[in-house]
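J.: Using the sequences and the accompanying hints, generate a full structural model.
These are the residues of each chain, in order.
There are 2 protein chains.
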Amino acid sequence: MFRFKTLMLALILGLCSNMLHAANVILIIGDGMDDHQISIARNYLKGAQGRLLLDDMPLRAAVQILTVEDSTEHKPVYVADSANTATTLATGVVTSRGRISTAAGSDEDLPTIAELASAAGLRSGIVTSASVTDATPAAFAAHVSLRLCENPNKMLDINYRGIPLGNCKQDLKAAGGPGSIAEQLAASSLDILLGGGSKHFSPEIEGGNISVAEAAQANGFTLVHNLEQLHNAPADARLLGLFAPGTLPVRLQGEGQRSAEAAKPSLLNRLHPYLGSVSYPDVMRCEANPQAEGIPTLKAMTEVALEYLSRDNPTGFFLMVESASIDKQAHERKPCGSIGEMEQLEEVLATAMAFAENQPDTLILVTADHAQAAQLVPDGSMYKDYNIPVYSPGMVARIVTPEGAIMGVNYATNNYPYEEHTGANVPLFGNSEAQAYVPAFIQQSDLFNIMRDYLGLKPEVELRD
Amino acid sequence: MFRFKTLMLALILGLCSNMLHAANVILIIGDGMDDHQISIARNYLKGAQGRLLLDDMPLRAAVQILTVEDSTEHKPVYVADSANTATTLATGVVTSRGRISTAAGSDEDLPTIAELASAAGLRSGIVTSASVTDATPAAFAAHVSLRLCENPNKMLDINYRGIPLGNCKQDLKAAGGPGSIAEQLAASSLDILLGGGSKHFSPEIEGGNISVAEAAQANGFTLVHNLEQLHNAPADARLLGLFAPGTLPVRLQGEGQRSAEAAKPSLLNRLHPYLGSVSYPDVMRCEANPQAEGIPTLKAMTEVALEYLSRDNPTGFFLMVESASIDKQAHERKPCGSIGEMEQLEEVLATAMAFAENQPDTLILVTADHAQAAQLVPDGSMYKDYNIPVYSPGMVARIVTPEGAIMGVNYATNNYPYEEHTGANVPLFGNSEAQAYVPAFIQQSDLFNIMRDYLGLKPEVELRD
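Chains as they are written, first to last, in the working numbering: chain A, 1251 to 1715; chain B, 1251 to 1715.
The reader is advised that the hints may include incorrect statements.
Pairs involving identical chains hold if they fit within one copy or between any two copies, as the list cannot separate such chains.
As the list claims (entries may be wrong) - Below, simulated BS3-like cross-link-like pairs (lysine-lysine); rule was C-alpha separation at most 25 Å, straight line:
id: 1; residue 1: K1404; residue 2: K1296
id: 2; residue 1: K1634; residue 2: K1449
id: 3; residue 1: K1419; residue 2: K1514
id: 4; residue 1: K1404; residue 2: K1634
id: 5; residue 1: K1404; residue 2: K1514
id: 6; residue 1: K1404; residue 2: K1419
id: 7; residue 1: K1404; residue 2: K1549
id: 8; residue 1: K1514; residue 2: K1549
By construction, these hints were calculated from the structure, which means they are not laboratory data.
T.: Given below as structure tokens:
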């Protein structure tokens, strides 16, 4: 068992190192926010000629996404999931899909930037629109072999309709491990943790008779469950905010809750692709999702987090904010949902940029963890003049944009209820502070090094055997 | 008729303006070269952890692609074709799909950067792996309302299996127009024009009894048809090289000439998506395309072009080099073909960078005209543990990479023999010279302004009415 060996080394080294300057890092992750998602959101939110706030950032680079098989040989896998990529961002180590800040093959726990920051006396926080136990936030403050091990009841018998999906038996406390993701978050030294996922905090902790939420309180967290409580929480508390049972409701939805839909070819067309006709899905608008009413926005949570992390703080902080449902809505073929969460990310970025105006030693990085399935496609085929039915074999949404044109969005990576991720390199944006540190093209793991160095968390820690 | 009115104004102004310094612009266009194509090529050519030469360029930015409907109202269209985007790059004007350096709605001819350069006493050249009459090269030196009007026989009755696809009757010389694309190229002041498309130069010119090729010779072009002739052409000639009847053969193909293929679900699975099984396409390697043997590579053509354009040249030059079949092979669902043409683009870039080392006043820009359909997808679904058949509804290639892993490439924008383009913003790369001129995010039309200013082709020319 190599658990915590390198982590403790890292903590000790980190503790000695951050004596140089007080600096802040705000890492904003748009889950699945690739150039298609960005272009779709730009067209809808700002118009074809418009600019997102992202587009006005002085730094734009590309990030090479790396994944390996679950072995110590590190054979490449060309498409990532959010668990392995969040691990890479949080720890600088490339790992295998499904892992939460543990190493491929060896299962070694990997120290995270949030842990290093806390150990060095900096504050640290996580804000997400997912459950706080979801892969991206989890990877910054927990270590398990499988992302599905979100609470004490999900450590051994994880299945979907009887199909076993793995377990985390070596992460059980009884086996000398740190327990489930929720238990690790409750035991963490985070200063603020906001998002969804309250259902993962109600089970009893392993080997105890209190709930995970009670364990978090015992560890000094003040619990809040709604916007009013969030704004009225004591100024000096460590804060755990859980605003929904799971993922927070998204801001926008297709009218009538419509997703992308299949084109409907005529019977004749089914017999031969050059015959018959096809009915395309009706156009649709995006509308507000009533379920999001009263739920704290990502911006509101970020504002509170920045206030908590920066108040009377001479040492600096690390904050990760995730707009999670760009990806989740794309899996479900809901372009309006993704667009709304891109808008939430833009608001977070505006908040971070305003903060950095008053705190110049603040590095702001915005990136995606991996690319996604959605494609911005022509509304009406480029070959429609050829007078035969041409249509996507997948699902298409035809969105009426506020400027009055129609934007096609195609989802066609599989026939399953959830689309696949894709393997393109993803964009990275940074504020002027980032320009000195980030080249035009970097590996995802380099971002960890840049953030660690910026926070003064040197010297280097040997993370691998 | 507004034909040539503004063009002549531009030429006169251009003539007076380039007295400041001798500068060179090399614009390299990867047709359809979006971040998926780049990532696919990187994985295959350099490995998952590898870097393309593109990735080592000091400047990387994003380009907003704009297209409008064919009217003077400029209502946006969210997905482009190569004709309208090449027009934007060549002239700085956003136009409608299918147009070659003519304005949407008004059909006004738009002066191109190559024309402005020639008029100001600079040299100009075009190199492409497509037919020189294809949309991208054409837009730098010709003006027609429809890209299909490639030769004198294709001006009026353009159809596909009896389906009429438009015409260029107002571009006929008899109507006071400049004639077909091939005729305009033959009459152009380009110093060098290399690529495919000899079949478009054999018809007789409109209203004459000589072929387009003979007209080009009468205009001072030396014609070459193979690599030997290319290398032995007289040093002081203007050069027209046509090395294939149409598009040049591509470098790589799937083994056994295989393209992406459909997964084959079992009969039971056709009845219900959770039942039965599915056969995925066999994996495949990429192999050399024997048809490309003896054809000049894009690099060989670029070397000759740079030699011709720079020799004893005190005034500078504009050169556009297009790797055309990244896009063309993606339309045909041939990932190996696209990868090979990405490799050709890399070789061109290496050639250009080596040239710029000795000629520091050389601006190198590499960009795509628009995004394409191919997606880098997981080989084996992310949901394969769920024990039901999961597969793409489109066509998939499973490519064995030289590092021994399998890379999935999905084509699923339509059911037609040719995939659609897509609408994501595209990457832009530049050499150190470009860093002073190019911000992190720009509109495609801005690239024209940057190149024009760099070549000293100010003052501004009013391009629209």
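J.: From the Cα coordinates, with 25 Å as the cut-off, is the pair K1404 and K1296 best called within, between, both, or neither?
T.: Classified as neither; 43 Å inside a copy, 40 Å across copies.
J.: Indicate which option fits the pair K1514, K1549 if close means a Cα-Cα distance not exceeding 25 Å: within, between, both or neither.
T.: neither (40 Å within a copy, 47 Å between copies)
J.: Taking 25 Å as the upper bound on the Cα-Cα distance, should K1419 and K1514 be classified as within, between, both, or neither?
T.: Neither: 47 Å inside a chain and 38 Å across chains, both beyond 25 Å.
J.: 25 Å Cα cut-off: does K1404 pair with K1514 within a copy, between copies, both or neither?
T.: Answer is neither: 41 Å inside a copy and 36 Å across each miss the 25 Å cutoff.
J.: Is it within, between, both, or neither for K1404 and K1634, if the alpha carbons may be no more than 25 Å apart?
T.: For K1404 and K1634, the Cα distance is within 25 Å only across copies (21 Å; inside one copy 51 Å).
J.: Cα distance capped at 25 Å. Does K1404 pair with K1549 within a copy, between copies, both, or neither?
T.: Neither way: K1404 and K1549 sit 31 Å apart in one copy and 58 Å across, limit 25 Å.
J.: Within a copy, between copies, both or neither: which one fits K1634 and K1449 at a CA-CA cutoff of 25 Å?
T.: neither (50 Å within a copy, 27 Å between copies)
J.: Checking K1404 and K1419: alpha-carbon separation at most 25 Å within a copy, between copies, both or neither?
T.: Result: close within a single copy only, 10 Å intra versus 71 Å inter.
The structure fails to meet hints 1, 2, 3, 5, 7 and 8 from the earlier list, while all remaining hints are met.
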